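Using the sequences and the hints given, assemble the complete structure.
As they're listed, the protein sequences go chains A and B.
So for the first sequence, UniProt numbering puts the first residue at 1; every next one is plus one.
So for the second sequence, UniProt numbering puts the first residue at 1; every next one is plus one.
Please keep in mind that the hints were generated in silico from the structure rather than gathered at the bench.
Just so we're clear, the structure is a prediction, and the values are computed from it rather than from any experiment.
Possibly wrong hints are sitting among the right ones.
Below, a list of computed lysine-lysine pairs in the BS3-like style, where the Cα atoms sit at most 25 Å apart [stated by the list, open to error]: (1) B:LYS865 to A:LYS236; (2) A:LYS209 to B:LYS720; (3) B:LYS889 to A:LYS236; (4) A:LYS209 to B:LYS776; (5) B:LYS759 to A:LYS209; (6) B:LYS865 to B:LYS846; (7) B:LYS776 to B:LYS727; (8) B:LYS770 to A:LYS209; (9) B:LYS17 to B:LYS135; (10) A:LYS227 to B:LYS831; (11) B:LYS710 to A:LYS209; (12) A:LYS236 to B:LYS831; (13) B:LYS727 to A:LYS209; (14) A:LYS236 to B:LYS846; (15) B:LYS915 to B:LYS846; (16) B:LYS778 to B:LYS720.
Covered stretches of chain A (chain B as the covering partner; in silico rule of three or more C-beta atoms under 8 Å from a C-beta of chain B) [as the list claims (entries may be wrong)]: (17) 207 to 218; (18) 239 to 248.
Note that beta-carbon positions come from the ideal geometry of N, C-alpha and C, so glycine has one too.
Each chain is listed here by its residues.
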Amino acid sequence: MADTASGGSSGSGTVTADMPRDTFRGDRPAHGSAWLGGPANPPPVERSGGKHSTTPADNYYLARRRTLQVVVSSLLTEAGFESAEKAAVETLTEMLQSYVSEIGRSAKSYCEHTARTQPTLSDIVVTLVEMGFNVETLPAYAKRSQRMVITAPPVTNQPVTPKALTAGQNKPHPSHIPGHFPEFPDPHTYIKTPTYREPVSDYQILREKAASQRRDVERALTRFMAKTGETQSLFKDDVSTFPLIAARPFTIPYLTALLPSELEMQQMEETDSSEQDDQTDTENLPLHMSTDDSGAEKENASVLQQNASLSGTRNGEESLIDNPYLRPVKKPKIRRKK
Amino acid sequence: MNRKKGDKGFESPRPYKLTHQVVCINNINFQRKCVVGYVELTIFPTVANLNRIKLNSKQCRIYRVRVNDLEAAFIYNDPTLEVCHHESKQRNLNYFSNAYAAAVSAVDPDAGNGELCIKVPSELWKHVDELKVLKVHINFSLDQPKGGLHFVVPNVEGSMAERGAHVFSCGYQNSTRFWFPCVDSYSELCTWKLEYTVDAAMVAVSNGDLVETVYTNDMRKKTFHYMLTIPTAASNISLAIGPFEILVDPYMHEVTHFCLPQLLPLLKHTTSYLHEVFEFYEEILTCRYPYSCFKTVFVDEAYVEVAAYASMSIFSTNLLHSAMIIDETPLTRRYLAEALAQQFFGCFISRMSWSDEWVLKGISGYIYGLWMKKTFGVNEYRHWIKKELDQIVVYELKTGGVLLHPIFGGGKEKDNPASHLHFSIKHPHTLSWEYYTMFQCKAHLVMRLIENRISMEFMLQVFNKLLSLASTASSQKFQSHMWSQMLVSTSGFLKSISNVSGKDIQPLIKQWVDQSSVVKFYGSFAFNRKRNVLELEIKQDYTSPGTQKYVGPLKVTVQELDGSFNHTLQIEENSLKHDIPCHSKSRRNKKKKIPLMNGEEVDMDLSAMDADSPLLWIRIDPDMSVLRKVEFEQADFMWQYQLRYERDVVAQEESILALEKFPTPASRLALTDILEQEQCFYRVRMLACFCLAKIANSMVSTWTGPPAMKSLFTRMFCCKSCPNIVKTNNFMNFQSYFLQKTMPVAMALLRDVHNLCPKEVLTFILDLIKYNDNRKNKFSDNYYRAELIDALANSVTPAVSVNNEVRTLDNLNPDIRLILEEITRFLNMEKLLPSYRHTITVSCLKAIRILQKNGHVPSDPALFKSYAEYGHFVDIRIAALEAVVDYTKVDRSYEELQWLLTMVQNDPVPYVRHKILNMLTRNPPFTKNMESPLCNEALVDQLWKLMNSGTSHDWRLRCGAVDLYFTLFGLSRPSCLPLPELGLVLNLKEKKAVLNPTIIPESVANNQEAVSNPNNHGPLIGFQNIEDDHLIKETATSMSIHQQGLKRKADMPLGSPLEPGQILEKNEDSKVKLKIRFSNSQEEEEIDMDTVHDSQAFIYHHLNMLERPSTPGKEQSSLELNMLPLQAAPLSAFSKESNSSKHSDHHHHHHHEHKKKKKKHKHKHKHKHKHDSKEKDKEPFAFSNSPASGRSIRSPSLSD
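Structure below.
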């Protein structure tokens, strides 16, 4: 009894096993001696969970259910039934179970109401009263002559409390805490567990890792490039040990040489966006003479406007930038023939 | 030649004054690289009978010349195309240099000469006599110019604008004549109207104000109209056309910047500083920028990094950089500032003649120095001055001197101011590039000396005066005679100085400007305890080449215990010893602070010093107020004190260099202390790194502790917790950045007892590379990584080679394997993620060459050759070419040398061509006194051809070829040549060295003879010597009937005694008399030959040039001879298809004709010669042509 209770309380997380266990706990005092020999045919219980009856918890559950069925069957026999439909037995079992469960639940509530952890007899009595059960009739009922005695259910394997979560030993209560208070939680929930090495060496390893990772990536990449393209070699006899990607002339060599690579651009944005902002603030928008050869005039005009508005906002005054390169291109004069 | 004397104002060498010029380029074809346009010059005759107008023009094809709308005859003759004609076996550099100088003189605008001679139509003579205006209109075109204008046309898809095709003017000194006819002199100023019609997607940038841009009728092109109202010399006119992106300077709207497409963000950043430079110059000069606008253009394949022209500068696009680049930033800013300084002095104020060049270079360099002092600080400035001083001293001691203000007076050969050089310094175009660089360097150093003398305030007043005079003159639109105020001359400048300051700087000028060479001091001292006197001995070496004697004041600074004291010694002829009384007693002060020169007082540990002497250190000429080299002896502890406590960076650098000779623990300590001291100037600290490496190597057996600098580097740049890992990069502090870059490079120079780089150091550097992490850095680390590769290369020592085994992978040293691994990875990564300016590739290539050279890797130029190809970034190409040059030297490879020389001739980029020659000169495959399999006749011929005719389109390149020739073969005939087989004799008249007067074999003489005849068709034959030779043979055989006494004087105009002329006379066969003159035959009157300038090119466009009496005084005879009526149809055919080999038969044909004529008129030439010799003093550069060309028909008219 005690260990089931403790198992129940500690297992508040194990939802599936909860209800049946409470039920079972609840019905014991009520039907303490009510185990009678029942019909030997075990009810063919087919619960959804019953499929994998291999786990101890399921076995336990099935055993309980079977016991209840035996009880229902013997009660029915007492009442004079000779046979019953399977469905009827099932229904009655269900009802019994619900009833017993309710008793257990209420009794628990009452006991907790009075700041205890274990229900007492009076709790059960109050509960029964509350449920409209005439307690007075109970002793007489218990002593009825025709009652059937049911053999105790075979001791099924106790559900093994899952060991997985126990980490370390629970601390015993210090002396000033009454024993009924819940036990301390598992130590892992409040004790830090050192699992890594010192952070000092950590940095070194990180750097080391980053460095070698980058190096590996670079080497793999370049080797791949070298394998897939033309190569040059420093040693005539060996082209694979130090493969050099062949030098390839560019059509516009200065572009690759001067413009920062995308990687660098990204980096630049990340590192100093503030400074960059400062600069772009003070500078004019690109006065881009685009390379399309049409519509240059329009473009010039728009550039001019752009510029004007920009300088206006910058200086707070309408000073037009008068630069001859920004002026629109003039249309040819008619007199200038040829 | 125009000679300026004393205070006289400017005298134009021309009989007319140019006032305005129109340049109109109607069409530019990028595909065919050709230009079509016209120029119109407005000139006012200054003499009544002006009948010839000489202009400069090179490589332009001239279609038509009109003077005041009348067709005018003209002659085009460029003797510099081929300097020595058909002297197929003449290989003497002295001879060449003289001939080249003469050729340049013959077209020198400063002497009133020019390649193009236009005859004023007779209808206008009357007009001219009234000194009325003439308008000379010249239609010309340029086809695939090899110099002057440079086309860059990338070979990609798309329109020219999309491809980024552009063109710009370039060249060395006055090179404008390469792209339009003009008076290509810095002293002929005029106003300009410039028009360029270009594709609508292109921008044409030129000098002056852009007045308007107008579409053409089809709207597909537009015309840019520029006006330059400030009188400007043609040499300062420039042009750049391309699909440029335009950026109006946000601080100064009249300043516009241009760059190639896609580079705008870089342009913005790069030019964002320019306005400060403007402000600075305007402030110190108290003068506004003279032009109303300024333009900067950044172009690819630039000729030089920076070229300044009137109101515009052309820069190399490679100067552009983003905000992430540290190292390039100061360099680019310096270039910008330099260009701007030249806007004031060089463009706005121009020089009167070549010998005044130093004033302009000096002033612009000087104010640029002031800017540098203000921008980068006094330390940087003094460091720069010291560097320049060291450079000029080294150069002058090596070559024998740089003369700032050459005076070519008197005409005595002995007076030739530059007899020690292998080129003439009379013209900018004959100068070696290196000489010119040094010339500029010396000019600004001398300007600084003048400042020392008269104070900066006066100096700036003088500049201001020059500028205000010039700007007053420039505003005088219609008084062109005033414009000469815009020209500066040496005398004018000196006069201004004496007016403003009242000081006499004549001795200074005499010493440094009118005279070449530097001073070399040797100093040592002894302390006389009894008298408490410092006995200083200062000796001079004034006998070695490049040295001169110094007499005058010399400052000596003595740091004693009681303070620093300046003493001014008088250096005199005979006194070597100088006694300097000491202020302090030698007794040790007790804990007293020691006052320094700058007033600071410091504690010193005096235990190292000599107990008897109060002297801490002594410095000779601390202010660098003499152009000198000082070798001073003082004890090691004195150098150490000087390094630690002297606050002047120059003194610190000097002491670091001196400490190399004292490898002691005390020196080591002093250097490490300096290295660690953050207040110390970073360049000093960088220098200390290298010195420390040297000291450590000298002390290798006694050195204790980790390798030098390692612990220091670890402390400064590595993580505290893990000292073998470098911190992630943070280059915010530039000084430590530079130190971080330098230290590994210096450390890699360390060697252990086996003379190998210690393993520890190599591992350390490899770790630096491995752990380098730039992700958090605001700046790019490409320069840093490049230097780490340099460090790897520095660590390489020669491979231990067992009997010359072939280098293979198997026997590769494991350390080298690691190094190679890194280099391979870096080089490959560059292909995927290129670094700025490919610094890493450059370093990798250098490192690979070092591995090859040290025998770790098989020596093979193939890799470098592929990187040297056109299409790689120029820095990569140069690095690769340098490796090939080195390979050529080490492996003595004739093939590679040929490959390089081919590139010199054919590479599209002028800068690369120039650079190859330069590198070959610096690292020559052999030198004149060396036996080498490379030195053979074919090479001599090839190089000769290169400088003689192959480089006529680029002055700088030709001078580079001359330098190389000099380095390889020296001044005299190359020793690898067989004795001349031909009957041509060369005699040098130089009295110092008479070069072998060789035998004259008679049989072959006529070959030589014949050679001089085709000369007259020089341009038609072009550069194809093979063909010439062929021709020669033909003529020689067929012509023996017409033999005459052919005469020629090879190098110089007869009348000029200035140059060591060679007189060559020869004869063919028996009928002809043979005259041989040996070196002492100087009597001109005996020589019955023409003052032939035999390098000539003619293009005859018009028949029947009209005859008219010459302009008196000048160029009479020579002009006359140049006027050649173009009578024969074949000739005009030639002119159109010059250089075409098909016409060799025509040559032949004419050859005969000319020969005949020549015979007839021989006597007349004698006559003419007398005439010439009378005039020779006036007319040193007059030249006339060989009679063979048929122009002798005209000689009667001139003889009487």
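Quick rundown of the hints versus the structure:
1. A hinted pair counts as satisfied when its Cα atoms are at most 25 Å apart, and LYS865 of chain B with LYS236 of chain A qualifies at roughly 16 Å.
2. Taking the CA atoms of LYS209 of chain A and LYS720 of chain B, the gap is about 18 Å. The hint holds against a cut of 25 Å.
3. Pair hint LYS889 of chain B plus LYS236 of chain A holds up; C-alpha atoms about 22 Å apart against a cutoff of 25 Å.
4. For the proposed pair LYS209 of chain A and LYS776 of chain B, the alpha carbon gap of about 17 Å is at most 25 Å, so the pair holds.
5. Distance check on the hinted pair: LYS759 of chain B and LYS209 of chain A sit about 24 Å apart at the alpha-carbon level, within 25 Å; holds.
6. Between LYS865 of chain B and LYS846 of chain B the alpha-carbon distance is near 13 Å, which keeps this suggested pair within the 25 Å criterion.
7. A hinted pair counts as satisfied when its Cα atoms are at most 25 Å apart, and LYS776 of chain B with LYS727 of chain B qualifies at roughly 11 Å.
8. Restraint check for LYS770 of chain B and LYS209 of chain A: the C-alpha separation of about 11 Å stays at or below 25 Å, so the hint holds.
9. Under the criterion of a C-alpha separation no larger than 25 Å, the hint pairing LYS17 of chain B with LYS135 of chain B is consistent with the structure, at around 12 Å.
10. Proximity of LYS227 of chain A to LYS831 of chain B is assessed by CA-CA distance (about 14 Å); at most 25 Å being required, the pair is judged to hold.
11. Distance hint between LYS710 of chain B and LYS209 of chain A is fulfilled; the C-alpha atoms sit about 24 Å from each other, no more than 25 Å.
12. For the proposed pair LYS236 of chain A and LYS831 of chain B, the alpha carbon gap of about 22 Å is at most 25 Å, so the pair holds.
13. Using a Cα cut-off of 25 Å, the hinted pair LYS727 of chain B and LYS209 of chain A holds, with the two alpha carbons roughly 15 Å apart.
14. The hinted pair formed by LYS236 of chain A and LYS846 of chain B meets the criterion: a straight-line CA distance of about 19 Å does not exceed 25 Å.
15. For the hint linking LYS915 of chain B to LYS846 of chain B, the alpha-carbon distance of about 17 Å falls within 25 Å, and the restraint holds.
16. Taking the CA atoms of LYS778 of chain B and LYS720 of chain B, the gap is near 22 Å; set against the 25 Å cutoff, the hint holds.
17. Chain B is given as covering the segment 207 to 218 of chain A, and this holds because 7 residues of the stretch bring a CB closer than 8 Å to a CB of that chain, at least three being needed.
18. With a cut-off of 8 Å between beta carbons, the segment 239 to 248 of chain A has 8 residues touching chain B; three or more are needed, and the interface restraint holds.
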